[in-house]
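Q: Same order as they appear, the protein sequences are chains A and B. Once you know that position 163 of the first sequence is 166 in our numbering, the rest is easy, because the numbers rise by one and skip nothing. Once you know that position 490 of the second sequence is 927 in our numbering, the rest is easy, because the numbers rise by one and skip nothing.
It should be emphasised that the hints constitute simulated quantities derived from the structure, not laboratory data.
Covered by chain B, per the in silico footprint, the following chain A stretches (three or more residues, Cβ under 8 Å): (1) 102 to 109; (2) 150 to 159.
Some chain A residues flagged as far from chain B (calculated, every beta-carbon gap over 10 Å): (3) E39; (4) E49; (5) D58; (6) K77; (7) F79; (8) A87; (9) V137; (10) Q194; (11) L200; (12) P202; (13) S227; (14) M235; (15) S238; (16) R247; (17) P289.
Note that this is a predicted model, so its numbers are computed, not measured. Every residue gets a Cβ at the ideal spot worked out from N, C-alpha and C, and that includes glycine.
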Amino acid sequence: MSRKRSDYRSTFYSRIENFVNGREEFLLYRPTGRTEAEKLESLEAELTEAADLLDKREEQQRIQDHTEPRDFLKRFHKLYGVVATLVCLTMMMLLMITVSWLPRFGNASNPANNEVIKRYIEKGQEETGAVNIVTGLILNYRGFDTMGETHVLFVAASCVMILLLIAEGKEKVSRYANDRQLEPKNDIIVQKVAGFLVPAVFMFGIYVILNGHLSPGGGFSGGSVIGAGLIMYVSAFGFKKTERFFNEHVYKIAKISALCFYICCLSYYFYMGAHGYDNHIPLGTPGNIISSGLILFINIFVGTEVACTMYAFYALFRKGGL
Amino acid sequence: MSFIENMVPLSIIICLAGGIVCSALKGESARRLSIAIIFANVIMNALVLFYTLYTGSEFVYVMGKFPAPWGNELRAGSLEGLIALFFAVIMLLSVVGGIRGQDDDIEKDRLNLYFVMINLMMSSLMALVYTNDLFTAYVFVEINTMTACALIMIRNNGHTLVAATKYMIMSLLGSGLLLIGISMLYTITGHLLMPNIKAQVSILMQMDEYAVPLTVVIGLMSIALAIKSALYPFHSWLPEAYGYATASSAAMLSSLISKSYIFLLIKIFYRVIGMDVMVGHKITNILFIFGIIGMIMGSVTAIRQTDIRHLIAYSSIAQIGYIYMGIGLGSTAGMVAAIFHIMSHGASKSMLFIAQRGLVEVSNGSKNFTDLKGSGIRNKLAGVAFTVGAFSMVGIPLLAGFTSKVYFAEAAITAVRSKMWIAMITLAVSTILNAIYFIRATISIYTPRNMDYRDEDYRPSRATGIALVFYIFLNFFLGVMSYPIAHTIEAGLRVFE
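Isolated chain A, as found in the complex (with noise of 0.2 Å):
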């Protein structure tokens, strides 16, 4: 007597033992009891269908290739779209009735203007010797934030890299060699203007990085508008001339160190601050170039990083290396 039962297939066990290995679904198997020949007819029946569909399904995949999406599917993207902005709209609805519930901007005894604001208008200048009290408190007060924010550039243009830079081999050098196909080249109206435009934008960055402490502006701008001179130049001149002064030894070099010393300078500062020692940072005379202590140095570093991530970003799109 084989210790098998005939029906061993559909017993619990062994639904169990096939779930274990992996064989089939436990949640989905549905046990028959038929006998051999209804089985075996079962499954002739089941090959024909199969094959029938089969073929119907290669059908519709035809026909599906060549045409729109099926009315189920289409109903459901439709209804998708619906519901989504339908969902939106109510956010937006929400949002728009809390807004009404605020206090009324520019209102003087809103709760926004207290202490706070106060101690950054009436002692801003003293305290930090900035003229501009944006940059005062921006670079002086919550150094720590600004500084956060200096490396969210950082990680974006680390980011940009990892997914645009192309590794050393035959696809880098087609790219380098026709890194604008698109564009005319060596355009000579482009090329004139350039001569005239990118030493003036150069010399406005600077003039906002330098005068961020007096006047709006600071690191942030003024580094933007030197990285979109130099996008100017390259885009004029091509990146054979650029690289004879803007090459990626002098972006490493240029980046890394301007980061670094931000950090050191605001680790010193930090350090004295804590523990409540004198930082010997003299603050100047408010309103000349030379003032303000640190505030000068770091919007030079911001500039730095910012101008070179603006560089970045276009040389990675365009040609996927610096």
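Chain B: place on chain A using the hints.
A: Okay, now just chain B, sitting in the frame of chain A:
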């Protein structure tokens, strides 16, 4: 001021500097530098933890010349020290454990960029733990989001690009909602510093002013951080991101990145809005319900998976549900259980991801269970580690997962009656569901098949082995020595208020 207090800002700044230096180094030396920096972080945060335990109080580190409402400051209590130490340890183990995976999955000339990202991720984690200012938190949330995308997509294939795009869209949605919430809160309170906001919020509650914006702010912040930490209905980015990233990235994503957002949410609960206000606005009930749904749905979906990475990923959704269930109980006991589960899940899940890689190596590179059969015999240590991790997730006694389940049950018993029944029943059902897929996976890797995959030249990575031994030890430690840890969490929460 003690010397040890300097460790708090140093742990953030050293990582930022490390990231910058790594971008100039070659891959191998960048890795050595990063491991050294993370190891230094482990030591520094351990010092901070013991110092705060020794003094029994918190301390504030002023970042610069100007004190807090005007300048920035960092704050460290014993809870922050514990979580920071835990994050640093897990980071170290997942970097060391995934060395071979990094070499195989990442192109040589990008390896240094990977460590740039790891360093900046580490700095953002430390900053999120130690921050005492909502805007600082937002800045580092931004860094965290971008580095997480990079960690996913650095393994350059189609799947990871799709996963990174999905992650980026969902995560940026979360960041946007968080930013709107923070700016609204600033408009109605006039502060960004956490204790000042809390004082102002309690005044607003007493005078019954700005009730509508406050409710919306609480909702926005909770939903934003729930999206970023993959609570159930917002989990769609998770399986692909965990399933295709390189092993150490997946370990970090599951046990550090989503956990740091949950810790920020707990901080907002206790230090920004105030627990009583949060419970009064019933936001805990909403998080409780979604946590409960997540516990069941994550496990049910995990049962259907035939891919080991996806199984672990869907199990993460269930575990995130547990944590939100604990937060949703709205009591201190529930919060202690949730924070303990942050740790026990972090220790087990990152171990599963690292061990999984060792199993896949000896199975012809396939992640399917039919090919993985017998892999536990072919790579013994990875098999043992996977088993320990799986048992811990199921909740076998002596392991970390069991202890956190006990804490959850204890917290549920003291909760409101309706919540108690729901929580207890779901805990039981979810444990059984966990057992179904994890025990099946364990039996599967120990079924002696596929012996032709055995390669005589194969040597398991030594670094992975060391990391796995430490992981196993950590799991047993959390399971057996849970009392002092839970005590520290409770004491930390008491200082938190």
